[in-house]
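> Residues per chain are reported as follows:
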Amino acid sequence: QKEVEQNSGPLSVPEGAIASLNCTYSDRGSQSFFWYRQYSGKSPELIMFIYSNGDKEDGRFTAQLNKASQYVSLLIRDSQPSDSATYLCAVPGNTPLVFGKGTRLSVIA
Amino acid sequence: GAVVSQHPSWVICKSGTSVKIECRSLDFQATTMFWYRQFPKQSLMLMATSNEGSKATYEQGVEKDKFLINHASLTLSTLTVTSAHPEDSSFYICSARNGGPNSPLHFGNGTRLTVT
Numbered sequence: 001q002k003e004v005e006q007n008s009g010p011l012s013v014p015e016g017a018i019a020s021l022n023c024t025y026s027d028r029g030s031q032s033f034f035w036y037r038q039y040s041g042k043s044p045e046l047i048m049f050i051y052s053n054g055d056k057e058d059g060r061f062t063a064q065l066n067k068a069s070q071y072v073s074l075l076i077r078d079s080q081p082s083d084s085a086t087y088l089c090a091v092p093g094n095t096p097l098v099f100g101k102g103t104r105l106s107v108i109a
Numbered sequence: 001g002a003v004v005s006q007h008p009s010w011v012i013c014k015s016g017t018s019v020k021i022e023c024r025s026l027d028f029q030a031t032t033m034f035w036y037r038q039f040p041k042q043s044l045m046l047m048a049t050s051n052e053g054s055k056a057t058y059e060q061g062v063e064k065d066k067f068l069i070n071h072a073s074l075t076l077s078t079l080t081v082t083s084a085h086p087e088d089s090s091f092y093i094c095s096a097r098n099g100g101p102n103s104p105l106h107f108g109n110g111t112r113l114t115v116t
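These protein sequence lines are chains A and B, in that order. For the first sequence, our numbering assigns the number 109 to the last residue and increments by one with no breaks. For the second sequence, our numbering assigns the number 116 to the last residue and increments by one with no breaks.
Simulated from the structure, these hints should not be mistaken for lab results. By construction, the Cβ of each residue, glycine as well, lies at the ideal position given by its N, Cα and C atoms. Hints are supplied without guarantee of correctness; some may be wrong.
Residues of chain B placed beyond 10 Å of chain A at every Cβ, according to the derived structure [stated by the list, open to error]: (1) 8; (2) 16; (3) 20; (4) 39; (5) 54; (6) 67; (7) 72.
Here are some chain A residues the structure puts well away from chain B; computed CB gaps all over 10 Å [what the hints assert, rightly or not]: (8) 1; (9) 10; (10) 62.
Think about it this way: if two alpha-carbon atoms lie no more than 30 Å apart in a straight line, the pair counts; the simulated DSS-like pairs of lysine-lysine are [stated by the list, open to error]: (11) A:42 x B:64; (12) A:101 x B:64; (13) A:42 x A:101.
All chains should be modelled from the sequences, with the hints used to inform the complete structure.
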């Protein structure tokens, strides 16, 4: 049974700081990794995906993957109050994605 | 690309009535779509997998006679909540993939169902 673990938070960061969200996964064979953002009362939105070890940058977001240690992280630079949301880490599974329980991020103005 | 549209965004209905929710893939074809339910402050829960041209696959504990799923075309799946009760009030979200099993899910905007 694949598992994805995230710290539920809340993670509070001041506006303009870097927010670091972490995720570990159990299946060493996982090949793709996704980060979703979910605002309260809204559906999840895909914000990043990464397939290879290393870093992938997209605007203020950077996904980092370390397959040897089985963790994937999401960095948000210059955090804004509008980044306040729950961030879900997910890997492909039978269900069809296995989600972590999400980390709640609060960016304080 | 990979836009999933869901309608309606919200619906209020009386106990005992049925409600239909539509999910469309706008710019890709989806032989499989996935229906989730989410209660306040809880995780997404997969309800069922909708398969184009065949029966849906339901997760354990989900009543297939209550949550009717039809996937009549490669771009449209519908979820009908039959004989709705207040405990069916929830946020229903559909999703689909534009690619193979290692590709991400794209979610519709969700439907907020309130049963009075």
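> Next, verify each hint and record whether it holds.
Hints and how they fare:
no.	hint	result
1	8	holds, 14 Å
2	16	holds, 27 Å
3	20	holds, 18 Å
4	39	holds, 12 Å
5	54	holds, 17 Å
6	67	holds, 17 Å
7	72	holds, 21 Å
8	1	holds, 14 Å
9	10	holds, 12 Å
10	62	holds, 18 Å
11	A:42 x B:64	holds, 26 Å
12	A:101 x B:64	holds, 26 Å
13	A:42 x A:101	holds, 16 Å
Violation of the numbered hints given earlier is absent; every hint is satisfied by the structure.
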